[in-house]
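**Student:** Line by line, the protein sequences are chains A and B. For the first sequence, this note's numbering gives the first residue as 1, with consecutive numbering after it. For the second sequence, this note's numbering gives the first residue as 659, with consecutive numbering after it.
It should be emphasised that the hints constitute simulated quantities derived from the structure, not laboratory data. Among the clues, some could well be false.
Stated by the list, open to error - Only some residues are given here: those of chain B computed to face chain A with a beta carbon under 8 Å:
1) D678
2) E746
3) S768
4) R840
As the list claims (entries may be wrong) - If you want the ones that stay clear, here's a sample from chain A, every Cβ over 10 Å from chain B, calculated:
5) V98
6) R144
7) P335
8) F447
9) V532
10) L618
Glycine residues also receive a C-beta, built at the ideal position from the N, C-alpha and C atoms.
Residues per chain are reported as follows:
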Amino acid sequence: MSDYLFYLLLGSTAGAIIAMFALGLLITQQGAGVVNFAYGAMASWSGYVYADLRRGAYPFPIPGLPERYHFGDDVGIWVAVPLALLTAAVLGSVVYTVVFRPLAHAPALANVVASIGLLVVFIALIDQRFADNAGLRVGPILPREPVTIMADVTVPRDGLWLAAIAIAIGALAWAVSRFTRFGLVTRAAAENEKGAVLLGYSPTFLAGASFVAASVLGGLVVILASPMIQLSSTVFTFSFLIPALGAAMIGRFRSVWPTVIAGLLIGGVQSTFTLLQSDISWFPKYGAREGLPFVVIIVALVVLGERLPDRASVSTWRLPTVPDAKVTWATVGPPIAVAVIALLVLGPLWRGAIMTSVIAMVLALSLVVLTGFGGQTSLAQMAFAGVAAFSLSKLAMNWSIPFPIAPILAASIATAFGVIVGLPALRVRGTNMAIVTFAGGVAITEFVFKNPKYVGDPSTGGAPVPNPDLAGWDLGLILGDQASRPIFGIFLVVIAALLAIGVANLRRSASGRRLLATRSNERAASAAGIDVARVKLQAFAVSSFIAGIGGCLIAYRFGNVSDASFGTIASLAALAVAYLGGITCVSGAVTAGALTASGVVFYSASQITGTLGQWETLIGGVLLIVMAVANPQGIAGGVRNRFATRRAALRAPVRAVR
Amino acid sequence: MALLEARGLTVSYGGIRANDGIDLDCEAGRVVGLIGPNGAGKTTFIDAITGFTPVAAGSVTFDGRDLASASPSARARLGLTRTFQSLELFEDLSVRDNLLAAAERSSWWSFVGDVVRPRRRHGDVADRVDWALDTADLHDVVDTMPDQLSHGQRKLVAMARALAARPKLVLLDEPAAGLDTRESQAFGALMRAVVVDGISLFVIDHDMGLMLSVCDDLYVLDFGKIIAHGTPEVIRDDPAVIDAYLGESTAPEQLPIHTQEHGQ
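This is chain A alone, in the form it adopts within the complex (with noise of 0.2 Å):
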């Protein structure tokens, strides 16, 4: 048993990081109504700041901005940390005032994406301006030197310092919460905006306030652990914001010390896993640690029920219009003309170009379906392309299944899956499905495409794909010494068109109908006999098919799988790209395909501008980030309105004189 004491103790930083991130996040929700999903990429930010003081310099996180303002030396720690913390403060405030302010009312969705699209830039930016992350190691803040707590367990000292910070800081918070007005007053809000008023809050401050003191804590907490934890762009991003989430909503995001013990718990767990792959012959060895999360996620939300405080649920959770679809030649026709023409003229790279949009045009597709028309959502959405991808593989290498009937069956493996993470929506709703989907996606990511079994050997490039092949008409990418063969982009172009219009023509019909009704009123159209856990199920289905296909496609363009193509931020990308282009229609998803990293438009502004490559994912975020401020309807949609309400212009003076 001390051995599991031992592992326990030592997941103690962990545990720490994640109750801290996992208070951060209840105390933006409680104060902004917000869920940060960028809250670890904000904190990673602060830690590099620290990191890079103490070698002497200060990062700008600004392009364009000289790299680095340089001290020449250490500045020591006394300097250091509260350089760190007042950028963590003064991100907080910008990052409230920027995006989450303008977006106070708007639907919880441009939320969501405003954070992915936040989430986005970070992670650029630090790949940016720590490219040398390797080099970056920092020493030591807390006490280090090893301590016996029994006969056979010693562990570092550090780890427990940090669960003993956590805890301290989670006492400070709830006595502030419990007995200052401050405190008092931010709960009020939580409950109810219009009463804080009355007392005379703004509420506006109270979220600055509360986006403030998360991004410190935040900070503190990963500069603290940055000499136990090597600094890496996902590692906060992703692997403890996770968890984190899974705490926060264990104490519902509003009580402090079921959020705390919960990530602490959750943190030593998962150290135990350690050894219980070990001690345990059928206890998986992949993805163990990450799909603890989703289970926290899952029985949180399943047990304790529903309880985001209603600023970020269902009333808000408010969508674009949806037009309606028009289906003919003169829709459907010259846009496919342009494709095909242009993959057989241009040159190579823009073929690429090309091909990248209309893989990433089917993904948007299959969030139009969910998120467009359903109202449901998904992050895990490249996680099914990538189930679907490794099935791929297996169906024409293990089985010599054919062609067209390996990529349907392996389509169909993935909205196996699609239905599994989907069924939570018929107790979830609005932004908690966002969380459910998220963890979801890391779940199978972790748990499926890091196995070998199911994944082959990493080093050789990841599991082979043959080229598709039409009754011996060989339609791939690469054939014999031919590397850019027009005829695959063409297949794709077909491949993209049949599901675009099976899209648009879902849109015209009862099931569309059915789709939109459940979205715009559950409780209605119950009252009209329709059955809404049934209409979900099947967005997630339909939805995670086409994402398969996607996979399928990804998989014979490469003609091998890993799971670089397939993570969980591809996955936040495919949903951010898809809500920029316009997630209601057939035309955002194409929208969304152009715009998406190296696709046609950032080819051609690369071409024009030269140098746009290195900052195409962050000028993505921060586009992204712009649209959901700015555009909530996305691309396709804003320009519809625009034509729309000019022909309005123009149909009314008609009418007068009618």
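We have chain A; now place chain B onto it with these hints.
**Tutor:** Quick look at chain B alone, frame taken from chain A:
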């Protein structure tokens, strides 16, 4: 046997019995009304009948079938539909699509066919929807979105949507609230026309003029209990009803004939 039979229907919220042992029948081909002061439990009764709120005790039988295990949508598919006080239209769908969504029936696999042939119609769905549009006189606004309509038109859409599947019984939750006298009379005429077409109605409303003129049979609810039942003529003169509405020792002529209260 009546079309709808509630027996000993009891709904508790916390310790409070919002409905307490209600016995109520809706005969086919009739308009049955339920009146009572605010907070008497009228909407709770509709919620309980349609499966939107759990029933603590008692039973509901519809068309000879016990509804205990039926979900709200299953009840609607059996021919028991309702409207909402707050209308709850499908704001993302045009008026026609609002009605179609309510009239169409689906299976687990229907979306597969829909992807290929979106405009196919099943059975007489189009006829039913046209009939509902005719009845509610909505043909001029079929392609309009609900948020472009007047309040009166929105009420008609809510009614037409409940009719679109040609149910056996429609429960109307304050259909006349917010309508002026003329609109309210027109609504009364619409209700009678619906009954002539073979659909039975159950209605709760505060508009006593409407209720007394349009209902064949009236129940009076107070503090969750039925305190009177009879024809409008009987109810009009029932002393218990007068008490419930206006307190003790009030003359019959002071009964509120036309109140315009909203909500409960």
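**Student:** Are all beta-carbon distances from A:V532 to chain B longer than 10 Å?
**Tutor:** violated (7 Å)
**Student:** Is the Cβ of A:F447 more than 10 Å away from each Cβ in chain B?
**Tutor:** It holds; A:F447 is separated from chain B by about 28 Å at its closest Cβ, greater than 10 Å.
**Student:** Let's test the interface hint: is any C-beta of chain A closer than 8 Å to that of B:E746?
**Tutor:** Check passed: Cβ of B:E746 comes within 4 Å of chain A, closer than 8 Å.
**Student:** Is the Cβ of A:V98 more than 10 Å away from each Cβ in chain B?
**Tutor:** holds (31 Å)
**Student:** Does the nearest C-beta of chain A fall within a distance shorter than 8 Å of the C-beta of B:S768?
**Tutor:** holds (6 Å)
**Student:** So, B:D678 near chain A? Judge it on the closest CB pair being under 8 Å.
**Tutor:** violated (25 Å)
**Student:** Is the hint on B:R840 kept, meaning its closest Cβ partner in chain A is under 8 Å away?
**Tutor:** Result: violated, 27 Å to nearest chain A Cβ.
**Student:** Does A:P335 really sit off the interface, with its C-beta more than 10 Å from all C-beta atoms of chain B?
**Tutor:** holds (20 Å)
**Student:** Grab the minimum beta-carbon distance between A:L618 and chain B and tell me whether it stays above 10 Å.
**Tutor:** holds (35 Å)
**Student:** A:R144 clear of chain B by more than 10 Å, beta carbon to beta carbon?
**Tutor:** holds (56 Å)
Checked against the numbered hints listed earlier, the structure breaks hints 1, 4, 9; every other hint is satisfied.
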